[in-house]
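Student: Given next are the chains, with one letter for each unit.
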Amino acid sequence: MGTATLEPTSIKKGFKSEEYFINMGPQHPATHGVLRLLLTIDGEIIKKVDPDLGYIHRSIEKMCESNSYQQIVHLTDRLDYLSSHINNEAVCLCVENALELEVPERVKVIRTILGELTRIASHTLWWGVMGMDVGAFSSYFYGFRDREMINDIFEETCGARLTMNYNIPGGLMQDIHPNFVKRVKEFIPHFRSKLPEYDRLLTGNIIFQKRTKGVGVLSKEDAINFGASGPVARASGYSCDVRKYHPYSALDKINFTEALDTTGDSFARYKVRIAEMWESLAIIEQLIDNIPEGDHKVATNAVIKLPKGEFYQKVETARGEFGVYIISTGTKNPYRVKFRSPGLSNLSLLNHIAVGGKIGDLVATMATIDIVVPDIDR
Amino acid sequence: MGYFSDIYHGIGTLLTGMRVTGKYFINARKGAITQQYPDNRDTLQMFERFRGEVVMPHDENNEHSCTGCQKCELACPNGSIEIIWDRVIDPETGKKKKAIDQHIYHLGMCTQCGLCVDACPSDAIKWAQNFENSVYDRTQLTRILNKPGSKVRAGVEE
Ligand code: SF4
Ligand code: SF4
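Just so you know, the protein sequences line up as chains A and B, in that order. Position 146, counted from 1, in the first sequence is what the numbering used here calls 146; the numbers after and before it change by one each time, with no gaps. Position 45, counted from 1, in the second sequence is what the numbering used here calls 45; the numbers after and before it change by one each time, with no gaps.
Quick caveat, the hints were computed from the structure, so don't treat them as lab data. Watch out, some of these pointers could steer you wrong.
As the list claims (entries may be wrong) - Simulated crosslink set (SDA-like; lysine to any residue; CA at most 20 Å straight-line):
1. A:K213 / B:E60
2. A:K213 / B:E73
3. A:K194 / B:A119
4. A:K297 / B:N27
5. B:K151 / B:G10
6. A:K213 / B:G155
7. A:K314 / A:V217
8. A:K244 / A:V217
9. B:K126 / A:G204
10. A:K182 / A:K213
11. A:K314 / A:L344
12. B:K23 / A:L99
13. B:K147 / B:L107
14. A:K194 / B:Y24
15. A:K213 / A:L344
16. A:K213 / A:E44
17. A:K194 / B:C120
18. A:K305 / A:E155
19. A:K210 / B:Y3
20. B:K126 / B:D90
21. A:K62 / B:S150
22. A:K305 / B:Y24
23. B:K126 / A:I176
24. A:K305 / A:T331
25. B:K23 / A:G204
26. A:K244 / A:R200
27. B:K23 / A:F144
28. A:K48 / A:K194
29. B:K23 / A:I254
30. A:K358 / A:L99
31. A:K194 / B:H9
32. A:K194 / B:L15
33. A:K213 / B:G12
34. A:K332 / B:S150
35. A:K47 / A:K332
36. A:K185 / A:N290
37. B:K147 / B:T111
38. A:K210 / B:I7
39. A:K210 / A:K305
40. A:K182 / B:M46
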């Protein structure tokens, strides 16, 4: 507290306000993982947010340098584990481009369907957790209930619920399970009937709206300056969907609209994600009925050696633009691998949009930025 | 909006949400329950592709089809598989042939990536679906996959 000379006046004028530090995390439920936020606060008002990273750093990029190209894929499961299938796809596409390998149409279509299912699974989980962060506990269960159906599809076809490792350079590890199409077709109408429930339960809720509208506003200029991507950038009106601008796999043949908003507040980010779930359903619907026949992979050498050079591939994960950058010297291991993760750039703008708000607003802002900490720390 | 209409509107939105939860509260059996683990342990069927643990199937003659080619050991990203092998004399041909002594699998290090099973040319290893793998001591997670006294099935060549 203040020095002795200050005390009489401060007592007279009520409490003396003074800035102080407070730790949020590394084990705080609202930081969604082991992220530590150093908050400088004045009463309830946030003056500064310093994210402190490194609590779950596993040096995945360095590990990649001693692994073969087939082995790298399974490490990317452990980045953004909610988009693991899309991360795998990025590495495989990068390796395939470098080898100038053309994968069968069937593989492309299956990859895209699984990618969109991953996006829905990730967004349903986010929706549940988002509700819980702002105090609506039931949304958590509803989100997980619908995600369970997707997880069943993954488990049956890929063999795992989170760490899929189903893509391999050259195609897919196994062909899709005979039940795959049936289950996806069951899921689409099921989820179509459940998504309006999400709106009734949370979107229209007055408490939820009061806690998110006008909170954590990000302008379009700042979104671009901070390198934001994914729903965070699109909620500010910055059209940046990699699926639209640099289509990969089967996405070039698909009609879909990019979910955009202009307000840039937490509620806009929320609405963009809800709209993305509808779009993903539409994408899957366009593909599921005509999965081309063919092989599920093309043969590659048992030891893959990339030609000398630098290769980059970006994809749109549930959180934004994920990039894989490989430098190869022509050996069986990469010389250097760098992942461009959406979470890090999206987290970097947290200080910018949270300053001036209250601690409770920070929680709502964090929830709509939707970070996954292993993706940031790697 | 006026003060009172704000309140009415607010209560209205809360009731809309509660209609949803109320619906599931009344029809709890219809689609609100996913899994009741561990109560359903006896009936729980895992999917056949589920990657729980690597095992080596043996037939009734205590024979497996692992030739000791070490492809799984090479494919593994984190050294979870160790093959201890030797050259033995094949009784039929009289030639020296590679054979495994121990196929050691460290479940505690395994990331369930599936590369070993994918790499095995003779389908000697496969996935088991058990997932309740917790033990009190991590040494129990090191498993020797080939059974004692087992040998490679005749006809399985590298
Ligand atoms: S599943 Fe992967 S980590 Fe586990 S033993 Fe096989 S290759 Fe190694
Ligand atoms: S399990 Fe398969 S890959 Fe591994 S040594 Fe035996 S035969 Fe070779």
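Student: Compare the structure with each hint and give your call.
Tutor: Now the hints, each set against the structure:
1. As the CA atoms of K213 of chain A and E60 of chain B are separated by approximately 67 Å, the hinted pair breaks the 20 Å bound.
2. For the hint linking K213 of chain A to E73 of chain B, the alpha-carbon distance of about 55 Å lies beyond 20 Å, and the restraint is violated.
3. Annotation: proposed proximity of K194 of chain A to A119 of chain B is violated, straight-line Cα distance about 41 Å (limit 20 Å).
4. Annotation: proposed proximity of K297 of chain A to N27 of chain B is violated, straight-line Cα distance about 45 Å (limit 20 Å).
5. Straight-line distance between C-alpha atoms of K151 of chain B and G10 of chain B comes to about 74 Å, which puts the hinted pair past the 20 Å bound.
6. Between K213 of chain A and G155 of chain B the alpha-carbon distance is near 71 Å, which puts this suggested pair outside the 20 Å criterion.
7. At most 20 Å may separate the alpha-carbon atoms for a hinted pair to count; K314 of chain A and V217 of chain A exceed this at roughly 27 Å.
8. Between the alpha carbons of K244 of chain A and V217 of chain A the distance comes to roughly 25 Å, so the proposed pair goes past 20 Å and is violated.
9. As the CA atoms of K126 of chain B and G204 of chain A are separated by approximately 50 Å, the hinted pair breaks the 20 Å bound.
10. A distance of roughly 40 Å separates the Cα atoms of K182 of chain A and K213 of chain A; the hinted pair therefore is violated under the 20 Å criterion.
11. A hinted pair counts as satisfied when its Cα atoms are at most 20 Å apart, and K314 of chain A with L344 of chain A qualifies at roughly 15 Å.
12. A distance of roughly 55 Å separates the Cα atoms of K23 of chain B and L99 of chain A; the hinted pair therefore is violated under the 20 Å criterion.
13. Taken as a hint, the K147 of chain B and L107 of chain B pair is honoured in the structure, with Cα atoms around 17 Å apart against an allowance of 20 Å.
14. In summary, the hint linking K194 of chain A to Y24 of chain B is supported, as the alpha carbons are separated by about 12 Å, within the 20 Å threshold.
15. For the hint pairing K213 of chain A with L344 of chain A, the CA-to-CA distance comes to about 24 Å; that exceeds 20 Å, so the pair is violated.
16. Between K213 of chain A and E44 of chain A the alpha-carbon distance is near 19 Å, which keeps this suggested pair within the 20 Å criterion.
17. Taking the CA atoms of K194 of chain A and C120 of chain B, the gap is near 43 Å; set against the 20 Å cutoff, the hint is violated.
18. Of the supplied pair hints, the one linking K305 of chain A and E155 of chain A is violated, its CA atoms being roughly 31 Å apart against a limit of 20 Å.
19. Taken as a hint, the K210 of chain A and Y3 of chain B pair is honoured in the structure, with Cα atoms around 15 Å apart against an allowance of 20 Å.
20. Between K126 of chain B and D90 of chain B the alpha-carbon distance is near 26 Å, which puts this suggested pair outside the 20 Å criterion.
21. Annotation: proposed proximity of K62 of chain A to S150 of chain B is violated, straight-line Cα distance about 40 Å (limit 20 Å).
22. As the CA atoms of K305 of chain A and Y24 of chain B are separated by approximately 55 Å, the hinted pair breaks the 20 Å bound.
23. This hinted pair checks out: K126 of chain B and I176 of chain A have alpha carbons roughly 18 Å apart, not beyond 20 Å.
24. With a C-alpha separation of about 5 Å, the suggested pairing of K305 of chain A with T331 of chain A holds against the 20 Å cut-off.
25. About 18 Å separates the Cα atoms of K23 of chain B and G204 of chain A, which keeps this hinted pair within 20 Å; it holds.
26. In summary, the hint linking K244 of chain A to R200 of chain A is not supported, as the alpha carbons are separated by about 30 Å, beyond the 20 Å threshold.
27. Note on K23 of chain B and F144 of chain A: the hinted pairing holds, with a Cα-Cα distance of about 17 Å set against a maximum of 20 Å.
28. A C-alpha spacing of about 39 Å is found between K48 of chain A and K194 of chain A, which places the hinted pair above 20 Å, so the restraint is violated.
29. Taken as a hint, the K23 of chain B and I254 of chain A pair is broken in the structure, with Cα atoms around 37 Å apart against an allowance of 20 Å.
30. Only pairs whose Cα atoms come within 20 Å are accepted, and K358 of chain A paired with L99 of chain A is rejected, the gap being roughly 51 Å.
31. For a cut-off of 20 Å, the pair hint linking K194 of chain A to H9 of chain B is broken: about 24 Å separates their Cα positions.
32. A distance of roughly 18 Å separates the Cα atoms of K194 of chain A and L15 of chain B; the hinted pair therefore holds under the 20 Å criterion.
33. About 19 Å separates the Cα atoms of K213 of chain A and G12 of chain B, which keeps this hinted pair within 20 Å; it holds.
34. For the suggested pair K332 of chain A and S150 of chain B, the alpha carbons sit about 36 Å apart, so the restraint of at most 20 Å is broken.
35. The hinted pair formed by K47 of chain A and K332 of chain A fails the criterion: a straight-line CA distance of about 49 Å is larger than 20 Å.
36. For the hint linking K185 of chain A to N290 of chain A, the alpha-carbon distance of about 12 Å falls within 20 Å, and the restraint holds.
37. Simply put, K147 of chain B and T111 of chain B have alpha-carbon atoms about 23 Å apart, too far for the 20 Å limit, and the pair is violated.
38. Taking the CA atoms of K210 of chain A and I7 of chain B, the gap is about 13 Å. The hint holds against a cut of 20 Å.
39. A distance of roughly 55 Å separates the Cα atoms of K210 of chain A and K305 of chain A; the hinted pair therefore is violated under the 20 Å criterion.
40. Of the supplied pair hints, the one linking K182 of chain A and M46 of chain B holds, its CA atoms being roughly 18 Å apart against a limit of 20 Å.
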